[in-house]
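Enquirer: Please build the complex by placing chain A on the supplied structure of chain D, with the hints as guidance.
The chain contents come next:
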Amino acid sequence: MSGAANPVQPMCPCEGEDPEKLAQFEQRIAEGVHIEPGDWMPEAYRQGMLRMAEHHANSEIIGALPEGEWITRAPSLRRKLALTAKVQDEVGHGQMLYRVSQELGKSRDDMLRDLVMGKTKYHNCFNYPAPTWGDIAMIQWLIDGAAIMNQKTLADGAYGPYVRTMNRINMEEAFHFKSGEDMVLTLMSGTKLQKQMTQDAFDRWWAVSLMFFGPHDKPGAETMPAMRWRMKIEKNDSLRQRFVNRFAPAAKDLGLIINVCAKDEHGYVTSVREDEQCVRDEATGNWGFTDPDWDEFFRVIRGNGPCNAHRLNLRRFSHEQGDWVRRAGAHGTITTPPAA
Amino acid sequence: MSKRRHITYEFDGDLPEGTGDDAHWVVYTRKNAGGPARWAGYLDAVDVDLALQYSREHYGLDEACVGTLIHRHDAMTDSEYGLEPLSPASAKGDDGEPWVVFVQKGRGNIHIEAGLVHAPNARTAIARGIASFAGGKVTNVRVVLQADCHEAMQEDLAIWREHDLSYKYARGYSKDVRAKWRTFRDEADLEGYRAGDIKEHF
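Just so you know, the sequences run in chain order D and A. Those letters in the first sequence? Residues 1 to 340, by this note's numbering. Those letters in the second sequence? Residues 1001 to 1202, by this note's numbering.
Extracted from the complex, chain D is given alone in its bound form (with noise of 0.2 Å):
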């Protein structure tokens, strides 16, 4: 799951390309055509679709750290199962689009050690803890939902390589959505406990869910370079509308209160207020909803969330106890694996 069309940042214009070669890929682009490898491509494209395509690729495999510590304490052996293939699922996205990273010019080890030494970025909503079991189901049920909605865009974008992935994933994304849902309408159905936990994790979850489309677009956003040349299809304000106006409705149906909460450092709600915003306005068909706090959103990018070092490190301790594997691998040096 990834909320990769989001970490497209202002790209530079394209001085010193060829002109007339620009203006037969910006008109390839306008028709339609998919862009393959081999092709010519300005090189703001080439670093651009890099760019998103590694935070997506990072964040597949960040993302598999919350759910992985839940596979153990999984409530029955079908969740287990389940949680355990989505785990690996989630792993097996980041493999392919390292691999779509690649072929656009760097290595993939010099992706994974750039993402642990923090160089580069995964999607924010991987750095909020999951305390429960309830959070899992949120996780799966909204920003698999998110994420879904996100990638079906992406694949109507203009890189080859990243649409066949898109179309792959998204495939495989369809299966985490539907057991998330599954969740929630099981602990929804349960018992008082199980639904106030449900409610708990939903508090948690909601806020994160709008901001995981990223921040309100910038005027013109569609005629920048992002848009134009199709890296990503709809800005992210469209998104977190159709976003809201398919799961508020649903949350509510279930029995769930759609909340603005305030959250302590470590991403506990302190307290909650009913979102009064949160009804469908019948002219548009559009459903209102509070602003997430914007302010958190950027705290938590440049890397003060209340997840965020413990992920990174998480994530460093396995990269290096899997080195002594990585060299057998590649150069047969075969040494003593190190004490976890």
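Take the hints with a grain of salt, since some may be wrong.
Facing chain A, according to a computed beta carbon distance under 7 Å, are these residues of chain D, among others [as the list claims (entries may be wrong)]: (1) L81; (2) A82; (3) A85; (4) G92; (5) S107; (6) D109; (7) R168; (8) F317; (9) Q321.
FYI, nobody ran anything at the bench for these hints, they're computed from the structure. Just so you know, even glycine gets a beta-carbon here, dropped at the ideal spot from N, CA and C.
Expert: For chain A alone, kept in the frame of chain D given last:
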């Protein structure tokens, strides 16, 4: 609660020197015996045994299929990408080694196995592949020496896909989910939600 999740790891300094990337492999799956191999994804592995194992356990379990086919990424040769479909050429001949030909119907599509040609080198194999399989309907032809293609087929494996895999597929939940929703929503709302599901998520 696992103790592992509460351990705080602390690190100083840089990482050990990197090992470089393992070999890249391209993975295809076969939906049925005798059917074509269809592109599924990529993996990195140091040798063919590990690559086949990964392909079975990842791609081979993620969809209904009867086997996987892999080849190293550097073993494939693709034709150049044009904007128009490749026209049939008249490159005939059956000398040389057997090459597996994969075709891509359009830019952005996946490569699908089309058949075999014999040729003394990749360039000739591409020309013969276009002549035999393009038919003015594909934009790219990929050739790989048959000797460089490796397969893991269900019939050759003692244990693979023998257990209930419904927990891995969205359809494994559909019936239960619909039944559970009925306690929260009436049938008309449920049908609208299901239509949205297909539009937004599947």
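Enquirer: Does each hint fit the structure? Answer for all of them.
Expert: Comparing the hints with the structure gives:
no.: 1; hint: L81; result: 5 Å, holds
no.: 2; hint: A82; result: 4 Å, holds
no.: 3; hint: A85; result: 5 Å, holds
no.: 4; hint: G92; result: 5 Å, holds
no.: 5; hint: S107; result: 5 Å, holds
no.: 6; hint: D109; result: 4 Å, holds
no.: 7; hint: R168; result: 6 Å, holds
no.: 8; hint: F317; result: 5 Å, holds
no.: 9; hint: Q321; result: 11 Å, violated
In summary, the one numbered hint that this structure violates is 9.
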